[in-house]
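Colleague: Since the structure of chain A is already known, use the hints to place chain B on it.
As you go down the protein sequences, you meet chains A and B in turn. Residue 205 in the working numbering sits at position 205 of the first sequence; the count goes up by one each step and never skips. Residue 383 in the working numbering sits at position 89 of the second sequence; the count goes up by one each step and never skips.
One thing to keep in mind: the hints can contain errors.
Said to hold, decoys possible - Examples of chain A residues lying across from chain B (beta carbon under 8 Å, computed):
| hint | residue |
| --- | --- |
| 1 | Gly32 |
| 2 | Ile137 |
| 3 | Val141 |
| 4 | Ser143 |
| 5 | Ala149 |
| 6 | Ile150 |
| 7 | Glu187 |
| 8 | Val190 |
| 9 | Ala192 |
| 10 | Leu229 |
| 11 | Ile273 |
| 12 | Val277 |
Said to hold, decoys possible - Beyond 10 Å from chain B on every Cβ pair, some chain A residues (computed):
| hint | residue |
| --- | --- |
| 13 | Arg30 |
| 14 | Pro71 |
| 15 | Ala152 |
| 16 | Val198 |
What the hints assert, rightly or not - Which stretches of chain B does chain A cover? Using the computed rule of at least three CB atoms under 8 Å from a CB of chain A, they are:
| hint | region |
| --- | --- |
| 17 | 448-455 |
| 18 | 466-477 |
| 19 | 548-561 |
| 20 | 580-591 |
Hints are computed from structural coordinates only; laboratory data are not their basis. Everything numeric in this text was worked out from a predicted model, so none of it was measured. Backbone N, C-alpha and C define an ideal beta-carbon position, used for all residues, glycine too.
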Amino acid sequence: MTTTETVAAGVALPGAAPATGPGRHPARRRPGPGVLLAFAVLALAVLAAFAPGLLTTHSPTSDDVLNKLQPPSGAHWFGTDQLGRDVFARVVHGAGLSLRAPLIAVGIAFGVGSLIGLVSGFVGGLVDTVLMRLVDILLAVPSLLLSLAIVAALGFGITHVAIAVGIASVASFARITRAEALRVRAEPFVEAATVLGVRRPAVLARHVLPHAIGPALVLSTLEFGTAILSVSALSFLGYGEPPPTPEWGKIVSEGRDYLATAWWVALLPSLVIAATVLATNRVSRWLDTGGTTR
Amino acid sequence: MAKYLASRGLQAVLVLLGTFTLAFVLLSVLPSDALSIKLSGAGEAALSPDEVAALRAEHGYDDPLLQQYLRQLGGLLGGDLGTSLHTGSPVLSMLGSALPHTAQLAGLALLFGVTAGLLLGSVAAHAGNRWVRETLLTLPPLGISFPTFAVGLVLIQVVAFQWRALPSGGTDGFQNLVLPAITLALPVTATVAQVFHRGLREVLAQGYVDTAVAKGAGRLRLHLAHATRNASGPTLTATAVVVGNLLGGAVVTETVFSREGIGRLTADAVTRQDLPVVQGVVLLSALVFVVVNLLVDLAYPLLDRRVTLTEAPR
Numbered sequence: 001m002t003t004t005e006t007v008a009a010g011v012a013l014p015g016a017a018p019a020t021g022p023g024r025h026p027a028r029r030r031p032g033p034g035v036l037l038a039f040a041v042l043a044l045a046v047l048a049a050f051a052p053g054l055l056t057t058h059s060p061t062s063d064d065v066l067n068k069l070q071p072p073s074g075a076h077w078f079g080t081d082q083l084g085r086d087v088f089a090r091v092v093h094g095a096g097l098s099l100r101a102p103l104i105a106v107g108i109a110f111g112v113g114s115l116i117g118l119v120s121g122f123v124g125g126l127v128d129t130v131l132m133r134l135v136d137i138l139l140a141v142p143s144l145l146l147s148l149a150i151v152a153a154l155g156f157g158i159t160h161v162a163i164a165v166g167i168a169s170v171a172s173f174a175r176i177t178r179a180e181a182l183r184v185r186a187e188p189f190v191e192a193a194t195v196l197g198v199r200r201p202a203v204l205a206r207h208v209l210p211h212a213i214g215p216a217l218v219l220s221t222l223e224f225g226t227a228i229l230s231v232s233a234l235s236f237l238g239y240g241e242p243p244p245t246p247e248w249g250k251i252v253s254e255g256r257d258y259l260a261t262a263w264w265v266a267l268l269p270s271l272v273i274a275a276t277v278l279a280t281n282r283v284s285r286w287l288d289t290g291g292t293t294r
Numbered sequence: 295m296a297k298y299l300a301s302r303g304l305q306a307v308l309v310l311l312g313t314f315t316l317a318f319v320l321l322s323v324l325p326s327d328a329l330s331i332k333l334s335g336a337g338e339a340a341l342s343p344d345e346v347a348a349l350r351a352e353h354g355y356d357d358p359l360l361q362q363y364l365r366q367l368g369g370l371l372g373g374d375l376g377t378s379l380h381t382g383s384p385v386l387s388m389l390g391s392a393l394p395h396t397a398q399l400a401g402l403a404l405l406f407g408v409t410a411g412l413l414l415g416s417v418a419a420h421a422g423n424r425w426v427r428e429t430l431l432t433l434p435p436l437g438i439s440f441p442t443f444a445v446g447l448v449l450i451q452v453v454a455f456q457w458r459a460l461p462s463g464g465t466d467g468f469q470n471l472v473l474p475a476i477t478l479a480l481p482v483t484a485t486v487a488q489v490f491h492r493g494l495r496e497v498l499a500q501g502y503v504d505t506a507v508a509k510g511a512g513r514l515r516l517h518l519a520h521a522t523r524n525a526s527g528p529t530l531t532a533t534a535v536v537v538g539n540l541l542g543g544a545v546v547t548e549t550v551f552s553r554e555g556i557g558r559l560t561a562d563a564v565t566r567q568d569l570p571v572v573q574g575v576v577l578l579s580a581l582v583f584v585v586v587n588l589l590v591d592l593a594y595p596l597l598d599r600r601v602t603l604t605e606a607p608r
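So here's chain A without its partners, still in its complex pose (with noise of 0.2 Å):
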């Protein structure tokens, strides 16, 4: 089992360095322009996904035929889909569920795989060995697979595909949880709130856990750029809201038939979702190297 350990945890998150531990943060270094760059691409995703009103008054979901696959221009950022609807206002108005999903799928996977890691690594013994097989079985399975396998069974919807999501990334929060709290547990202040008589729930709540928990934040943000990746790519496929609903990945699946002529409807939309994964994961980056000089 050696080399399978050692491929969860490095190739579950790619780049993440071994995680800063809390209270390990030398001086931080200034967000370079990339960063910066970054954040700005966010900020620009939450206000669409909260206030879509303040990026674009056209409507996302009435048809105007005669205006339909125009291509890109001053009226229409993005262009207009083939029943004539201002695919920027769509994305715009998509941004909410689209965001929202992966931001339940990342709570799901932090929360659950988080209290098996702390459990596991906390308890030990039989426990650990049994939520670690169970573990070991979520990972044998490609989480996309996963993911739709989850979604057949609940049904489609972007709730349903967020939840699956959120399982499908559940056994990469355990492994790295359970790592933090095997080495918090041999702590001498773990030891020594157990000697004074603290109880082992206790001591699991108020001391294993806030020192255990810092990789487990980080990789939240990482996996919030993938779980946009896997909410859209479950979205395309068809097994999020029904049209007319805007969704990042249903915009980009209704445009792929007008390909040939009216490649905008599609690809733009896509551009969209790249720059927000990338942003996600650059500021992810930033923040996993504690924003420290290193």
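Modeller: Relative to the frame of chain A, chain B by itself:
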């Protein structure tokens, strides 16, 4: 060695059994069983409650769950993965006829991806020019940020529609294989490049590399005999994970390029909520995972003589 293999084999069987159990729990116990999903579909709504009850009994969905589980497990051991709710044909034969298409696609994607990744990683590690190096290193994060479907659509738009160089979709022939393989290869390239590059940097910082340089080893020799060999271990391990993900990526890629294969089969099965087929695909992916990991573990000592195979812990 025999003991090691036996222990790994047992472990593999346990993972497969676990995956089967997980899939059973997910697909049979969660909110409703396969048959009632099928019956809730359009067209079949006309069945009377009696007919529904008869169908349920016939398919054994009224039996206790444990009995259903054991029956399915028994079928699995006899090579029976159940039948598709949609087409009525055995899941095993559906997987069997789709597998060659996906195996070709994944094989070529792996070849493209690993080759490109190794090239990118080594050029980035050895390039003298700082700008070249930095630019190359921005490529992998860029590569994993693009959704697979977007990559496929861009390739179709540019290569198939504008240049008219390759077909935009279809299953047969090598020409139809190239664009999907490139699409599927991109995440492989990104991962392999990152891991290999990191490995090279670590090796090149080692003392024995300085020794080799002091003894007059040339750049090429240094790269091939020392750095590459020692950096290939982690890369191999990373590739193993990527191989598993190819099956997931194939779902999107085959849909975008209208190819037949396991991925397309999966997408259609999920759309129709054809749960036995979905379960079959999940099992297949776990089998691939287990076999690939076993192969990698067996190959590891060949690359790195410091590693010996001992009985796996636990």
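Colleague: Each hint: holds or not?
Modeller: We went through each hint and held it up to the structure:
1. Gly32: With Cβ-Cβ at 12 Å, over 8 Å, it is violated.
2. Ile137: Since chain B brings a Cβ to about 4 Å from Ile137 (chain A), closer than 8 Å, the hint holds.
3. Val141: 5 Å, holds
4. Ser143: OK, holds: Ser143 (chain A) within 8 Å of chain B, min 7 Å.
5. Ala149: 5 Å, holds
6. Ile150: Holds, because the Cβ-Cβ distance from Ile150 (chain A) to chain B comes to roughly 6 Å (cut-off 8 Å).
7. Glu187: 24 Å, violated
8. Val190: 24 Å, violated
9. Ala192: 30 Å, violated
10. Leu229: 5 Å, holds
11. Ile273: The hint holds - Ile273 (chain A) has a Cβ within 8 Å of chain B, the shortest such distance being about 5 Å.
12. Val277: 4 Å, holds
13. Arg30: Holds: least Cβ distance 19 Å, greater than 10 Å.
14. Pro71: 14 Å, holds
15. Ala152: 4 Å, violated
16. Val198: 30 Å, holds
17. 448-455: holds (count 4)
18. 466-477: Our answer is that it is violated, as 0 residues pass the Cβ test (under 8 Å) against chain A, missing three.
19. 548-561: Result for this restraint: holds, n = 4.
20. 580-591: holds (count 6)
The structure is inconsistent with the numbered hints 1, 7, 8, 9, 15 and 18, although it conforms to all the rest.
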